[in-house]
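J.: For the record, the sequence lines run as chains A and B.
For the first sequence, full-length UniProt numbering assigns the number 1 to the initial residue and increments by one for each residue that follows.
For the second sequence, full-length UniProt numbering assigns the number 1 to the initial residue and increments by one for each residue that follows.
These are calculated hints, taken from the structure and not from any lab test.
Even for Gly, the Cβ is constructed at its ideal location relative to N, Cα and C.
It cannot be assumed that every hint is accurate.
Coverage of chain B stretches by chain A, computed from C-beta distances (three or more under 8 Å per stretch; other residues unrestricted) [stated by the list, open to error]: (1) 14–26; (2) 74–83; (3) 211–217; (4) 220–233.
One side only, chain A facing chain B, incomplete, derived with CB under 8 Å [claimed, not checked]: (5) L208; (6) A224; (7) L227.
There are 2 protein chains.
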Amino acid sequence: MSTKIPVIEMFGPTIQGEGAVIGVKTMFVRTYGCDYRCSWCDSAFTWDGSAKDLRVMMEPEEVLSGLLEIGGDRFDTVTISGGNPALIGEGISELIGLLHDRGIKVAIETQGSRWQDWFLEVDALTVSPKPPSSGMATDWTMLDSILTEVGMNARGSYSLKVVVFDDIDYDYAVQVHKRYPDVPFYLQPGNDNVTEEGDISARLLGRLEWLFNKAIADPDMNAARVLPQLHALIWYNKRGK
Amino acid sequence: MSTKIPVIEMFGPTIQGEGAVIGVKTMFVRTYGCDYRCSWCDSAFTWDGSAKDLRVMMEPEEVLSGLLEIGGDRFDTVTISGGNPALIGEGISELIGLLHDRGIKVAIETQGSRWQDWFLEVDALTVSPKPPSSGMATDWTMLDSILTEVGMNARGSYSLKVVVFDDIDYDYAVQVHKRYPDVPFYLQPGNDNVTEEGDISARLLGRLEWLFNKAIADPDMNAARVLPQLHALIWYNKRGK
Numbered sequence: 001m002s003t004k005i006p007v008i009e010m011f012g013p014t015i016q017g018e019g020a021v022i023g024v025k026t027m028f029v030r031t032y033g034c035d036y037r038c039s040w041c042d043s044a045f046t047w048d049g050s051a052k053d054l055r056v057m058m059e060p061e062e063v064l065s066g067l068l069e070i071g072g073d074r075f076d077t078v079t080i081s082g083g084n085p086a087l088i089g090e091g092i093s094e095l096i097g098l099l100h101d102r103g104i105k106v107a108i109e110t111q112g113s114r115w116q117d118w119f120l121e122v123d124a125l126t127v128s129p130k131p132p133s134s135g136m137a138t139d140w141t142m143l144d145s146i147l148t149e150v151g152m153n154a155r156g157s158y159s160l161k162v163v164v165f166d167d168i169d170y171d172y173a174v175q176v177h178k179r180y181p182d183v184p185f186y187l188q189p190g191n192d193n194v195t196e197e198g199d200i201s202a203r204l205l206g207r208l209e210w211l212f213n214k215a216i217a218d219p220d221m222n223a224a225r226v227l228p229q230l231h232a233l234i235w236y237n238k239r240g241k
Numbered sequence: 001m002s003t004k005i006p007v008i009e010m011f012g013p014t015i016q017g018e019g020a021v022i023g024v025k026t027m028f029v030r031t032y033g034c035d036y037r038c039s040w041c042d043s044a045f046t047w048d049g050s051a052k053d054l055r056v057m058m059e060p061e062e063v064l065s066g067l068l069e070i071g072g073d074r075f076d077t078v079t080i081s082g083g084n085p086a087l088i089g090e091g092i093s094e095l096i097g098l099l100h101d102r103g104i105k106v107a108i109e110t111q112g113s114r115w116q117d118w119f120l121e122v123d124a125l126t127v128s129p130k131p132p133s134s135g136m137a138t139d140w141t142m143l144d145s146i147l148t149e150v151g152m153n154a155r156g157s158y159s160l161k162v163v164v165f166d167d168i169d170y171d172y173a174v175q176v177h178k179r180y181p182d183v184p185f186y187l188q189p190g191n192d193n194v195t196e197e198g199d200i201s202a203r204l205l206g207r208l209e210w211l212f213n214k215a216i217a218d219p220d221m222n223a224a225r226v227l228p229q230l231h232a233l234i235w236y237n238k239r240g241k
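Put together the whole structure using the sequences plus the hints.
T.: Pasting the structure below:
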């Protein structure tokens with residue numbers, strides 16, 4: 001089996017803006033390819049063909065050396081995102097091992113549509129099933145099996161994160177949270193215009209206030225955490241931040 | 001010993017805006033009285049006399065019933081802040097017990113200038129030593145002993161948080177982080193005008209970007225987390241949010 005990883009971008013260090021690892025200083029590796037086509041995807045260049053020429057097939061050792069070249073001694077965490085990194089098996093598994101050998105922690109974000117054994121090795125796994133507004137359908141059987149397996153055997157922490165654009169998405173979030181009540185659960189307002197240029201912070205903060213107020217009023221969300229995308233508040237829709 | 005607690009305000013549920021518990025849905029109890037007089041304190045009404053008439057001496061049972069009256073079934077966490085709640089012994093200890101009996105979690109914020117045995121019972125303890133811009137001097141002997149004791153015996157989680165207003169504060173934050181490298185460490189930009197009315201989010205996001213860039217460039221901050229005050233981004237300088 002090939003160990004090459006389709007990489008579309010590497011950057012950092014920057015500050016992780018979302019979810020359980022919000023505020024963490026990290027490098028990013030973004031893999032190319034996704035089994036989803038979310039209507040509002042903020043990284044559609046990873047799957048829509050528009051940036052296909054930038055994709056590079058890299059050995060795990062090359063990813064590591066690339067990260068060290070860009071980030072120097074200014075990081076101890078690497079976040080692997082996509083696209084869906086769970087489309088890739090052996091290459092990511094080896095990369096995790098190389099990073100761990102150097103004492104570097106690994107965070108992953110994936111939608112929970114595919115399983116990889118390396119989920120169990122990750123320091124912080126974020127499973128982010130997509131709500132109805134995405135246009136995607138949740139594979140509940142797969143999600144059940146992923147959360148059961150990491151619940152029993154994961155070496156690191158794991159959490160669920162649901163992005164919410166509207167009331168229907170919110171109801172979906174309640175459904176997810178109730179289905180997995182013991183899994184740390186994060187709500188995040190969606191960015192409903194991922195191509196708008198310039199300062200979008202007022203719009204995003206308005207959406208955060210809306211979601212705050214929904215969660216505050218709802219006894220079903222007492223154990224949820226509600227967080228923004230910090231990077232989008234600071235760096236707006238710019239790529240590579 | 002009296003078990004009465006000097007309470008200046010109770011409110012919620014709202015979303016915790018800061019530190020390790022950022023995004024958590026919580027009620028707030030703010031105690032009256034502080035051993036510090038930070039120059040930029042955002043809750044100076046807890047100690048400067050301006051709101052002294054609002055202070056109520058409450059038995060722990062009264063605090064519990066007040067919280068239940070205000071928050072109904074819409075919370076499972078209570079945050080006790082101040083002022084400095086560590087000025088209060090038996091009353092807070094009893095309140096923590098009453099909350100735990102009902103399955104309610106307790107988060108505390110204190111500057112680390114005083115010890116209380118109930119630190120060990122708290123679900124999330126935030127110790128927030130104050131940087132030079134506050135005008136306060138850190139009692140390192142006390143801070144050492146608090147962090148040693150909670151490191152050995154705390155039942156819940158604990159973390160350090162340092163608010164940073166300028167480069168001198170930042171150097172202080174580095175000093176704190178290096179002194180306690182194994183304690184989860186949070187950096188937070190200070191709000192340098194706590195009486196400004198209206199929308200202060202652009203100013204606060206500017207300070208967050210400044211602090212992001214400081215931490216990103218600094219190998220000493222690889223393990224730090226950098227977070228804003230979410231409540232101030234949404235609700236500005238309003239009290240009781």
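J.: It remains to establish, for every hint, whether it holds in the given structure.
T.: Comparing the hints with the structure gives:
Against chain A, the segment 14–26 of chain B contributes 6 residues with a C-beta closer than 8 Å to a partner C-beta. That satisfies the three-residue criterion, and the hint holds. Counting residues of the segment 74–83 of chain B whose CB falls under 8 Å from any CB of chain A gives 4; the rule of at least 3 is met. With 4 residues bearing a CB less than 8 Å from a CB of chain A, the segment 211–217 of chain B meets the requirement of three and the coverage assertion stands. Counting residues of the segment 220–233 of chain B whose C-beta lies closer than 8 Å to any C-beta of chain A gives 10; at least three are required, and the coverage claim holds.
Proximity of L208 of chain A to chain B holds as hinted, the smallest CB-CB distance being about 6 Å (cut-off 8 Å). Checking A224 of chain A against chain B by beta carbon gives a least distance of about 7 Å; that is within 8 Å, so the hint holds. For the restraint placing L227 of chain A at the interface with chain B, the shortest Cβ-Cβ distance is roughly 4 Å, inside the 8 Å limit, so the hint holds.
Every hint from the earlier list agrees with this structure, and none is contradicted.
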